[in-house]
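> Below are the chains, spelled out letter by letter.
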Amino acid sequence: MQKILRKKSFPQWVKKLESYKIYAPAKNGDVWNYEAVNHSEDIDLDYLNSVLSPKKIIFPQREIFLEFSTSNDGNPEINEVLPEENPSVIFGVRPCDAKALTLTDSVFGGDFDDLYYWRRRDQAILVGLACHNPPSPNCFCLSVNGSPHSKEGLDILMTDLGDRYYVESLTEKGNKLLNLGNKFFEEPKAKDKKDLEKINLASEKKIKRRIKEIKKIPPQLKEMFDSPFWDEEAMSCIRCGICTYLCPTCHCFDISDEVLSSSPIEGKRVRTWDTCQFPDFTMHSSGHNPRPDKASRLRQRILHKFQYFVERYKNYQCTGCGRCISKCPVGIDIIEVLDKVRDYGT
Amino acid sequence: MVNLEDLKKEAKRILEEGKIKYIIGYERSPNGMMSMPAFIKNPEDAERLTWDPSCVYNLTRFLVDEKRRKAKEKKPDTRPVAIVVKGCDSRAVVVLLQEKFINREDVYILGVSCEGAGVVDEKKLTEKLKGKKADKIEFSEKDHFLITSDGEKIKIPAQEILAERCLECRANFPVIYDEVLGEKVERRPEDPFKSIERIESLSKEERWAFWKEQLDKCIRCYACRSVCPMCYCDECVVDTISFAVAADTTAEEKAQKIKWIERSPDSSENFVYHLVRAIHLAGRCIDCGECERACPLDIPVRLLNKKLEKEAKELFDYEVGFDPEKPSLASSFKDDDPEDFIR
Amino acid sequence: MKRTGVFVCHCGINIAGTVDVKKVAKELSRHPGVAHAEEYVYMCSDPGQNLITEAIKEKKLDNVVVACCSPTLHETTFRNTSKEAGLNEFQCEIANIREQCSWVHKDMEKATRKAIKITKSAVERVRRNESLEPISIPVTRRALVIGGGIAGIQSALDLANSGYEVVLVERSPSIGGHMIQLSETFPTLDCSQCILTPKMVEVSKHPKIKLLTYSEVQEISGYVGNFKVKILKKPTYVDPDKCTLCDECTKVCPVVVSNEFDIGLTGRRAIYIPFPQAIPATYTLDIKSCPGLLPIACGKCADVCEPEAIDYDMKPDIIEEDIGAIIVATGYDLYDKGLMAEYGYGKYLDVLDGLQFERLCSASGPTQGKIIRPSDHKEPKEVVFIQCVGSRDPELHCAYCSKICCMYTAKHAMLYKHHVPDGQAYIFYIDIRSGGKGYEEFVQRAVEEDGVLYLRGKVSKIFEDKGKIKVWGVDTLTGKDIEIDADMVVLATAMRPSQGAGELAKKLKIAMDKDGFLSEAHPKLRPVESVTPGMFLAGAAQAPKDIPEAVAQASGAAAKAVAILSQERLFHAPTVAQVNLNLCTGCGMCVEVCPYVSLSLKDGKVEVNEVLCEGCGTCSATCLRAAIQVKNLTPLQVHEMIDASLGGR
Amino acid sequence: MADEFEPKIVAFLCKWCSSAGSDLAGVSRMQYPPNVIPITVMCSGSMSPLYILSAFKKGADGVLVSGCHPGDCHYIKGNFYARRRIALVKKLLEFIGLEPQRFQMSWVSAAEGTKYTQIIKDFVEELKPIGPQTKLRRSS
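Chains A, B, C and D are the protein sequences, given in the same order.
0 is the number of the first residue of the first sequence in numbering that gives the first Met the number 0; add one for each residue after it.
0 is the number of the first residue of the second sequence in numbering that gives the first Met the number 0; add one for each residue after it.
0 is the number of the first residue of the third sequence in numbering that gives the first Met the number 0; add one for each residue after it.
0 is the number of the first residue of the fourth sequence in numbering that gives the first Met the number 0; add one for each residue after it.
Hints listed in this document are in silico derivations from the structure and should not be mistaken for laboratory results.
Please note that a few of the clues may not be correct.
[As the list claims (entries may be wrong)] Lysine-lysine pairs mimicking DSBU-like chemistry, simulated, CA-CA at most 35 Å apart:
hint	chain 1	residue 1	chain 2	residue 2
1	A	Lys-190	A	Lys-215
2	C	Lys-56	C	Lys-604
3	B	Lys-141	B	Lys-131
4	A	Lys-204	B	Lys-123
5	B	Lys-333	C	Lys-336
6	C	Lys-436	C	Lys-465
7	A	Lys-205	B	Lys-152
8	C	Lys-56	B	Lys-256
9	D	Lys-120	C	Lys-25
10	A	Lys-188	A	Lys-215
11	B	Lys-7	B	Lys-203
12	B	Lys-8	B	Lys-122
13	B	Lys-333	C	Lys-604
14	A	Lys-15	B	Lys-253
15	B	Lys-253	A	Lys-207
16	B	Lys-253	B	Lys-69
17	C	Lys-479	C	Lys-465
18	A	Lys-26	D	Lys-90
19	B	Lys-20	B	Lys-131
20	D	Lys-90	B	Lys-258
21	B	Lys-152	D	Lys-134
22	A	Lys-339	A	Lys-55
23	C	Lys-601	B	Lys-99
24	C	Lys-314	C	Lys-377
25	A	Lys-207	B	Lys-131
26	D	Lys-120	B	Lys-211
27	B	Lys-325	C	Lys-601
28	A	Lys-339	A	Lys-211
29	B	Lys-183	B	Lys-152
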């Protein structure tokens with residue numbers, strides 16, 4: 000289903016979606032992030048990209064699994080806590096971030112469905128916004144099977160045509176959403192389609208950064224596990240969690256008990272994000288740490304994304320959003336690293 | 000003015016002499032105008048070294064890595080490591096010496112003058128250039144930076160794009176070094192605690208609202224901790240597991256790990272994390288501002304440290320990072336330390 | 000999980016009157032890990048203690064909490080009970096629900112809730128207590144006394160007479176200190192030498208005392224009961240066993256230098272005996288004044304020495320001693336003359352300090368007790384005494400009161416009047432401080448019987464004018480300016496810690512106060528102990544004091560030392576600091592804050608000397624890496640106690 | 000009518016002075032509100048800032064640290080280090096907007112049962128009007 004939506008009608012359409020919980024990019028200081036929206040007029044789609052991807056809505060940084068306590072008779076009480084049944088719409092999702100969710104889908108789905116993930120995922124409708132200009136100078140979606148107007152993972156893709164949006168529904172969920180605002184949409188004309196094509200073509204050209212010959216990289220990485228290369232590359236790494244926490248595809252987590260009170264016992268079992276970049280990630284209780292240094296942790300990040308994930312899911316675990324490059328405090332650039340990997344030893 | 004060729008020459012010389020293991024310095028990033036940390040081992044690579052107002056990093060952080068690496072080596076290379084330091088960074092070296100974390104003979108200090116200016120705030124610069132991409136930034140004549148953008152050269156008053164901490168800096172010339180490049184240019188900040196006074200002048204509830212909004216953003220990536228040269232503890236209060244495990248550690252001893260702070264990014268946990276971090280750095284933070292620069296969410300974490308720097312100065316007349324022989328703020332006292340707050 | 004027993008005491012109605020003890024026991028029985036909880040009317044009674052013992056055995060308890068009165072009262076009782084029932088004494092903790100709860104509250108419901116929290120908090124603590132045994136240390140049953148003045152002599156004699164070996168170290172060639180220089184002592188006017196020399200002789204003859212004069216402590220290591228001390232014995236170049244005290248050597252010695260014993264009022268030779276009654280009774284060749292031994296420049300003394308007692312090849316000797324306890328009695332010096340230029344000291348011959356005046360008055364002094372002016376040997380008719388010279392002057396000199404000057408100035412004026420009945424004595428003073436047995440009466444006697452004229456005020460200027468010393472001052476009581484043409488001025492200069500005491504204190508690691516006097520462990524309750532266990536203070540080294548006080552403190556210090564030396568082993572509380580070496584980075588901040596010198600750095604890590612540690616935990620709060628903690632009150636325990644104190648409603 | 004707000008206070012008392020002082024208050028049967036749970040530590044010098052933050056996080060409405068008067072410390076100088084450390088913690092807590100009344104320090108000697116009683120009374124009275132401490136309290 001393809002439609003045209005006048006920009007001035009956008010808030011009115013959103014208003015029609017009151018049965019949904021609405022998320023959209025919101026600005027706090029200089030920082031954009033997806034936040035819950037109360038008024039449709041507050042949505043500002045004139046933004047580049049958020050610091051954290053919409054992953055944080057589907058796979059929140061902290062999630063309660065169960066609550067435990069001692070009852071008055073001294074017996075333990077355990078209550079499962081599940082995410083609320085609450086359909087939601089996320090506006091302004093960048094194609095790379097939508098694609099990223101298809102990757103985490105494979106991780107949290109497959110042989111075993113992660114109940115918590117899927118309850119949120121199934122209820123979320125992703126309304127994408129194609130990129131006119133690369134949201135970041137470090138965008139490289141084209142290198143990893145993506146594009147600034149990719150539809151992968153989205154329910155609806157919107158493209159800014161100046162005074163109007165080109166709106167394409169891609170799923171049943173998307174159709175339902177368009178139908179709710181039926182009267183605000185028009186049928187696209189030939190000019191609209193032409194404009195769309197022009198914009199899509201132009202936006203691809205604006206993406207300057209590339210990983211060349213990326214196909215060579217996974218087999219090359221396989222040979223480089225024990226290479227001293229990683230020691231050199233990791234020299235400037237400071238073992239913070241920025242690259243992984245901001246990554247739309249990273250999905251590692253920790254489960255722990257948060258004890259609010261030890262007498263009477265009261266607490267929660269929670270899942271929180273974790274990252275392979277922290278030294279305690281792989282620390283065994285024996286004191287042994289199989290990834291004892293920065294080099295092995297940087298290697299893990301690269302290999303997971305460009306070798307292991309490819310081997311298992313036939314896809315790169317990277318959608319080229321460029322966040323890890325832009326936000327790395329010491330300028331570690333995954334494109335540079337991969338370039339060096341490809342050329343290593345030649 | 001620092002002559003870059005002198006720096007390269009000196010770097011080449013010390014590497015050729017073979018008395019230095021490697022040099023921790025700055026090099027130009029292949030993308031954009033910002034520099035990045037460089038680790039130079041071979042004399043011919045000394046050419047890569049740079050020094051310009053984009054050299055924001057406090058490289059002393061990497062002395063901590065060096066010490067850790069060395070401790071693991073079976074036959075450690077005991078030659079010193081050379082490091083390029085600005086005024087502020089040199090004070091970090093002083094604190095590391097004061098805390099006996101490094102030995103003076105393990106480090107060869109190449110000081111560089113900030114030319115009476117300092118380093119840039121990347122965000123301020125981006126704003127200033129209004130979307131134009133800077134390719135290069137250089138120190139220019141007094142108080143100006145020279146920016147090359149799309150082949151065009153623009154001169155911008157340093158004050159307009161300097162990092163906030165540089166505007167409040169009291170040591171823009173190295174306080175300790177083996178070799179120093181550039182001249183000492185006096186530049187006294189009008190008000191070294193201006194950023195703090197802005198917050199202090201707010202009402203209690205305004206202060207709370209400010210910090211609540213800021214710290215609620217925290218995602219606990221610990222970049223502020225990881226980038227800090229003073230955060231060299233082997234085990235941090237926020238680590239989930241005890242790192243102090245040996246072959247004979249019992250299960251009971253492992254259970255001694257105290258969960259002072261949960262890893263959930265909830266308001267209370269974020270607050271306690273940042274307060275602990277600030278207290279831990281009281282009398283140790285030299286205001287290199289790296290914590291704030293590294294923060295992906297633009298939380299002004301530096302202000303918490305700066306507040307305690309101000310209190311240490313005003314209450315105890317203590318200044319950090321000038322004298323390695325001095326006892327630390329927390330391991331000393333004066334008989335007449337103020338106690339008007341005590342009942 | 001460990002099995003904890005909780006015993007709630009009613010203390011009659013002292014606790015049960017305000018706290019629902021049954022509810023406390025019931026609540027606690029539901030607390031995780033509590034295997035047994037009961038209450039009883041008097042837990043400290045025999046039947047009460049039996050309840051605990053039985054429960055420990057029957058319920059196989061690992062540890063117990065007794066909720067009762069303050070731990071200061073019955074902690075020992077219940078720890079012994081637990082011990083008898085087979086537990087380690089540290090597996091018992093007290094929850095104070097009386098002094099800190101039932102006695103200070105009236106609302107039963109609220110007090111009960113509070114008592115429950117206090118008790119839970121104690122449970123959380125005791126569950127994490129380590130079983131510990133007291134630290135046992137062997138004791139070397141010998142003492143070292145540093146300083147051979149009256150305080151050191153008294154301490155040495157008391158210790159020796161208690162049956163312990165004593166090493167007495169004195170820096171100068173003879174013991175006796177400043178007291179041997181004095182003429183008469185206030186308020187009785189006993190002859191100072193007459194009362195001191197018998198004690199000096201006793202020291203020299205005592206079989207338990209090893210006297211090392213002309214010696215200095217060079218190095219000290221170890222800890223209470225087990226010190227190792229290195230003492231440098233300087234060469235005197237005279238063998239005391241051979242010397243017959245014939246005095247032939249001084250007659251031929253060509254060098255004359257100022258005589259310390261007479262504070263420069265006389266001279267002595269390079270080879271000399273400090274004073275006739277010196278102990279040990281022998282001569283010393285002062286190498287600094289001698290024209291030279293390497294090569295021998297003069298050699299006259301050896302030539303005339305018939306018993307061949309003089310040995311130019313004598314070498315310094317390092318003596319090592321094992322010591323159990325140390326008494327520091329390094330005494331005082333008078334305030335440096337060079338600093339008192341405003342009073343013309345050192346400029347005018349007839350301006351003297353108190354000790355010089357003592358020598359003038361002394362029957363054994365340079366004038367055989369005749370008071371005459373050093374300048375022209377005439378009898379002074381007008382003598383001005385000035386008190387508080389250098390004392391009580393925080394701006395320029397010493398802030399403190401030197402304590403003895405009021406009394407000895409009164410004595411000086413009195414002695415002067417006894418020697419020169421027709422002379423006039425003036426005393427400039429700020430206040431008269433005559434606290435002490437018979438002291439006030441003594442001052443009154445000086446005024447009333449001997450006609451000493453007290454002038455309240457300060458002296459503004461002293462200068463020489465036509466053979467007289469003009470003293471300008473103000474009498475603040477009358478407001479009049481005063482001008483005296485004095486023949487002699489005597490300054491009551493401040494007492495300072497003796498020269499070198501600071502260096503010694505550093506070697507011993509004893510703290511000094513702001514004035515350089517040695518710091519006692521507690522100003523009221525531990526006035527003779529230093530902070531370092533096994534080291535004690537006696538005499539003016541600690542603060543200005545007069546002879547009876549110095550002697551009393553010396554005996555007190557000796558008694559404290561005996562308390563250590565009389566033990567075969569010492570026991571020390573085992574709740575001391577322990578280091579997690581994996582986390583320690585060797586920054587040394589804990590070493591800086593430790594009040595007991597119990598921490599030191601070794602190979603880049605901190606090391607605890609458990610014998611010296613008192614378990615205060617300041618190190619633990621200072622440590623940035625949580626690498627040091629005190630046993631049985633660890634951060635984890637405090638964390639859990641906070642949790643228990645705040646948990647629930 | 001709703002119950003009057005009863006602040007929860009944790010008081011860290013040094014063993015030798017302040018805890019003994021609170022014992023004296025008990026022996027003298029002085030009366031003060033039961034809002035304070037005392038935790039005896041060896042010395043105020045052993046007070047880690049983490050203890051204070053932890054207490055606030057666990058829901059304390061007020062925290063008191065009490066030690067010996069300067070110069071009277073059983074461990075000679077522990078309270079001097081405490082004074083410095085606590086001053087910084089106090090300044091920092093005020094900087095982030097915590098009510099200054101919530102965190103207090105006092106010198107209470109073993110002879111000052113009266114002073115201890117008064118401090119607790121005042122503390123409770125000062126906390127009542129400002130209500131529960133929610134800023135640093137763990138909420139979920």
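> All the hints need checking, so say for each whether the structure fits it.
Hint by hint, here is what the structure shows:
1. Simply put, Lys-190 (chain A) and Lys-215 (chain A) have alpha-carbon atoms about 41 Å apart, too far for the 35 Å limit, and the pair is violated.
2. For the proposed pair Lys-56 (chain C) and Lys-604 (chain C), the alpha carbon gap of about 43 Å is over 35 Å, so the pair is violated.
3. For the hint pairing Lys-141 (chain B) with Lys-131 (chain B), the CA-to-CA distance comes to about 24 Å; that is within 35 Å, so the pair holds.
4. For the hint pairing Lys-204 (chain A) with Lys-123 (chain B), the CA-to-CA distance comes to about 28 Å; that is within 35 Å, so the pair holds.
5. For the proposed pair Lys-333 (chain B) and Lys-336 (chain C), the alpha carbon gap of about 31 Å is at most 35 Å, so the pair holds.
6. Restraint check for Lys-436 (chain C) and Lys-465 (chain C): the C-alpha separation of about 43 Å exceeds 35 Å, so the hint is violated.
7. Pair hint Lys-205 (chain A) plus Lys-152 (chain B) holds up; C-alpha atoms about 24 Å apart against a cutoff of 35 Å.
8. Our distance criterion of 35 Å between C-alpha atoms is met by Lys-56 (chain C) and Lys-256 (chain B), whose separation comes to about 32 Å.
9. Restraint check for Lys-120 (chain D) and Lys-25 (chain C): the C-alpha separation of about 30 Å stays at or below 35 Å, so the hint holds.
10. Restraint check for Lys-188 (chain A) and Lys-215 (chain A): not satisfied, since their Cα atoms lie roughly 43 Å apart, outside the 35 Å limit.
11. In summary, the hint linking Lys-7 (chain B) to Lys-203 (chain B) is not supported, as the alpha carbons are separated by about 52 Å, beyond the 35 Å threshold.
12. Straight-line distance between C-alpha atoms of Lys-8 (chain B) and Lys-122 (chain B) comes to about 33 Å, which keeps the hinted pair within the 35 Å bound.
13. Distance restraint check for Lys-333 (chain B) and Lys-604 (chain C): the Cα-Cα separation of roughly 27 Å lies within the 35 Å cut-off, and the hinted pair is therefore satisfied.
14. Distance restraint check for Lys-15 (chain A) and Lys-253 (chain B): the Cα-Cα separation of roughly 56 Å exceeds the 35 Å cut-off, and the hinted pair is therefore not satisfied.
15. For the hint linking Lys-253 (chain B) to Lys-207 (chain A), the alpha-carbon distance of about 51 Å lies beyond 35 Å, and the restraint is violated.
16. As the CA atoms of Lys-253 (chain B) and Lys-69 (chain B) are separated by approximately 27 Å, the hinted pair is consistent with the 35 Å bound.
17. Proximity of Lys-479 (chain C) to Lys-465 (chain C) is assessed by CA-CA distance (about 24 Å); at most 35 Å being required, the pair is judged to hold.
18. A hinted pair counts as satisfied when its Cα atoms are at most 35 Å apart, and Lys-26 (chain A) with Lys-90 (chain D) qualifies at roughly 31 Å.
19. Distance check on the hinted pair: Lys-20 (chain B) and Lys-131 (chain B) sit about 40 Å apart at the alpha-carbon level, beyond 35 Å; violated.
20. For a cut-off of 35 Å, the pair hint linking Lys-90 (chain D) to Lys-258 (chain B) stands: about 25 Å separates their Cα positions.
21. Our distance criterion of 35 Å between C-alpha atoms is broken by Lys-152 (chain B) and Lys-134 (chain D), whose separation comes to about 50 Å.
22. Annotation: proposed proximity of Lys-339 (chain A) to Lys-55 (chain A) holds, straight-line Cα distance about 32 Å (limit 35 Å).
23. Pair hint Lys-601 (chain C) plus Lys-99 (chain B) holds up; C-alpha atoms about 12 Å apart against a cutoff of 35 Å.
24. Of the pairs offered as hints, the one joining Lys-314 (chain C) and Lys-377 (chain C) is violated, with about 46 Å between alpha carbons and a cut-off of 35 Å exceeded.
25. For the hint pairing Lys-207 (chain A) with Lys-131 (chain B), the CA-to-CA distance comes to about 15 Å; that is within 35 Å, so the pair holds.
26. Taking the CA atoms of Lys-120 (chain D) and Lys-211 (chain B), the gap is near 31 Å; set against the 35 Å cutoff, the hint holds.
27. Only pairs whose Cα atoms come within 35 Å are accepted, and Lys-325 (chain B) paired with Lys-601 (chain C) is accepted, the gap being roughly 20 Å.
28. Note on Lys-339 (chain A) and Lys-211 (chain A): the hinted pairing holds, with a Cα-Cα distance of about 11 Å set against a maximum of 35 Å.
29. Note on Lys-183 (chain B) and Lys-152 (chain B): the hinted pairing holds, with a Cα-Cα distance of about 27 Å set against a maximum of 35 Å.
Hint violations for this structure: numbers 1, 2, 6, 10, 11, 14, 15, 19, 21 and 24, all remaining hints satisfied.
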